[in-house]
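*Asks:* Input sequences plus hints: build the corresponding full structure.
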Amino acid sequence: MFPELTGFLFPNDIHIHWSLMIVMYPYITGLVAGAFLVSSLYHVFGREEFKPLGRFALATALCFLAVAGLPLLNHLGHPERGINVIITPNFTSAMAGFGILYASYFIVLLLEVWFVFRVDIIDTAARSRGLKRWFFAALALGVYDTSPEAQALDRKITRVLAAIGIPMACLLHGYVGFLFGALKANPWWSTPLMPVIFLFSAMVSGIALLIVLYQVAMKLKGMPIERNAISAMARWLWLFMIMSLTMELLEIMMLAYERAEEWEVISHLLTHQLSFSFISLQMVGGGLIPLILLGIVVLMDRYMDDRIRNTLTMVSSLLLLLQVLAMRWNVVIGGQMFSKSMTGFRETYVPEMFAKEGILAAALIFFIPFVLLVIFEKVLPTFRHLES
Amino acid sequence: MNPESPLIHAKHVFRAAILLLAVLIAMLLGRSLFVPETWGEFGPYRGAAVAEHRDKPIRHGGNDSCAMCHDAEYAEHAGGEHASVQCESCHGPVAFHVDLEEGEVVAEMPVHRSRELCELCHLRLEARPADFPQVDVREHVLSNGGEFTPDACFECHDPHSPI
Numbered sequence: 001m002f003p004e005l006t007g008f009l010f011p012n013d014i015h016i017h018w019s020l021m022i023v024m025y026p027y028i029t030g031l032v033a034g035a036f037l038v039s040s041l042y043h044v045f046g047r048e049e050f051k052p053l054g055r056f057a058l059a060t061a062l063c064f065l066a067v068a069g070l071p072l073l074n075h076l077g078h079p080e081r082g083i084n085v086i087i088t089p090n091f092t093s094a095m096a097g098f099g100i101l102y103a104s105y106f107i108v109l110l111l112e113v114w115f116v117f118r119v120d121i122i123d124t125a126a127r128s129r130g131l132k133r134w135f136f137a138a139l140a141l142g143v144y145d146t147s148p149e150a151q152a153l154d155r156k157i158t159r160v161l162a163a164i165g166i167p168m169a170c171l172l173h174g175y176v177g178f179l180f181g182a183l184k185a186n187p188w189w190s191t192p193l194m195p196v197i198f199l200f201s202a203m204v205s206g207i208a209l210l211i212v213l214y215q216v217a218m219k220l221k222g223m224p225i226e227r228n229a230i231s232a233m234a235r236w237l238w239l240f241m242i243m244s245l246t247m248e249l250l251e252i253m254m255l256a257y258e259r260a261e262e263w264e265v266i267s268h269l270l271t272h273q274l275s276f277s278f279i280s281l282q283m284v285g286g287g288l289i290p291l292i293l294l295g296i297v298v299l300m301d302r303y304m305d306d307r308i309r310n311t312l313t314m315v316s317s318l319l320l321l322l323q324v325l326a327m328r329w330n331v332v333i334g335g336q337m338f339s340k341s342m343t344g345f346r347e348t349y350v351p352e353m354f355a356k357e358g359i360l361a362a363a364l365i366f367f368i369p370f371v372l373l374v375i376f377e378k379v380l381p382t383f384r385h386l387e388s
Numbered sequence: 001m002n003p004e005s006p007l008i009h010a011k012h013v014f015r016a017a018i019l020l021l022a023v024l025i026a027m028l029l030g031r032s033l034f035v036p037e038t039w040g041e042f043g044p045y046r047g048a049a050v051a052e053h054r055d056k057p058i059r060h061g062g063n064d065s066c067a068m069c070h071d072a073e074y075a076e077h078a079g080g081e082h083a084s085v086q087c088e089s090c091h092g093p094v095a096f097h098v099d100l101e102e103g104e105v106v107a108e109m110p111v112h113r114s115r116e117l118c119e120l121c122h123l124r125l126e127a128r129p130a131d132f133p134q135v136d137v138r139e140h141v142l143s144n145g146g147e148f149t150p151d152a153c154f155e156c157h158d159p160h161s162p163i
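As given, the protein sequences belong to chains A and B, one line each in that order. All residue numbers for the first sequence refer to my numbering, where the first residue is 1 and numbers rise by one. All residue numbers for the second sequence refer to my numbering, where the first residue is 1 and numbers rise by one.
Worth flagging that the hints you see were computed from the coordinates, not collected in a lab. Any given hint might turn out to be false.
Computed list of lysine-lysine pairs in DSS-like fashion (alpha-carbon distance at most 27 angstroms, straight line) [stated by the list, open to error]:
1. A:378 to A:219
2. A:132 to B:11
3. A:132 to A:221
4. A:156 to B:56
5. A:356 to A:221
6. A:51 to A:219
*Replies:* Written as structure tokens, this is what we have:
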């Protein structure tokens, strides 16, 4: 089973080492960063239109962060050695940043969730008995103080944590982009724009995910979809997708205009191997179309019926979720489709369905955060404070 | 504590802080348990690994280690086109076959009588140096009038002295 090759490839150029799992990793961390940003817009910047989503966005970020490392573990031949990057990091490698960034961001996120949900935890503890009471009492760390002063303190701390969390979310995700951007041997990756592009597309995917999840959750709970929340998210989504698309295009235009020797390979890559995933998905289907749809939502917001707005944002969000996935694919897989000597290509790469790092494994990993989210919702309802 | 003090309502914050501190200390302690003792002695790796590798038993003996028992193959090989290819590259490490201290055979030496053995080095690939002898195996066998079987190469070539 030899892949189809053209031109000259070194033996180690032939195999795609960074598989679908390495596509999923930046995709999932990106969703975390984006969801966290939305919750911070409420918790730090006090944007009231995001109030219905503040808690839900936080829970989403936590559930996705919990599985962010899973694709990497599955990719490793020896997953039990994955811990070594945390215990004995080698700081001459950018990968050493993972343990520190991931662990500290996780702690900040956990603390923020705790302070935001503390009163709910105490209420639940007070209302239940037996094992459940024990569980929630332990979660509340045994302190049942829900006085206004304590709550005011919680809010203050939440704001500080959310504020610390923003640069940390940016660092964690920017770092993932840095890993690619700093590989100077690969002209498709090596650009200082890479971390920035990763960050903006992370915001896009995170907001899009929240729009989808929020609408689905409201439908399931039979609660009204807040028009202000949707139109505000549509505005932010539009802004971030314009920035993200602009930068993705800028990078290509720079390469095209400079006409350095790497353009030979990259132009071929974009028009052949990646023609579907780059041109059709990343640029047109997931770029241009949501750009127009969201533009309509944002510009004609006042004249728009709620149902139309919800449908248009839903469709654009789903397309953008696909766009960002395509973008990760194009970066990760695209960068391995040509020879490092820039004189040959691998013609196709189709991940296997049932392989260890195949499509099924990726889908399963991607499914886990949704299960976690449902469990989270069962333990600590994220919309209950809106009902009363 | 003074009931007027604002800190009276910060009890949960202190508990959380203590818990966080405990977790951090546990992480640090845990780390010190997991870091190998000789880590970082020479660089970002386990220093003892160097000694461990040095102390591994030697498994390969080179062509001369075969000579005392297989003088015919040894002589044929030394005079042939494959003189630069080690016996053990095509067969296996001598230690798997012979206890060198006792001078006794302990196990059969593998013999890979297959086309794949030759293809390992002679299959035509873009990435091989152009001046290294390499063939399109199928085309090569057929054009020389042979039959393309799993052990085709041995019909015309002796692995020890292929030409």
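*Asks:* Does each hint fit the structure? Answer for all of them.
*Replies:* Status of each hint after checking the structure:
With a C-alpha separation of about 17 angstroms, the suggested pair residue 378 of chain A and residue 219 of chain A falls inside the 27 angstroms cut-off, and the hint holds. Straight-line distance between C-alpha atoms of residue 132 of chain A and residue 11 of chain B comes to about 23 angstroms, which keeps the hinted pair within the 27 angstroms bound. Between residue 132 of chain A and residue 221 of chain A the CA atoms are separated by roughly 24 angstroms; this keeps the pair inside 27 angstroms, and the hint holds. With a C-alpha separation of about 61 angstroms, the suggested pair residue 156 of chain A and residue 56 of chain B falls outside the 27 angstroms cut-off, and the hint is violated.
With a CA separation close to 37 angstroms, the supplied pair residue 356 of chain A and residue 221 of chain A exceeds the 27 angstroms bound. Using a Cα cut-off of 27 angstroms, the hinted pair residue 51 of chain A and residue 219 of chain A holds, with the two alpha carbons roughly 18 angstroms apart.
Checked against the numbered hints above, the structure breaks hints 4 and 5 and satisfies the rest.
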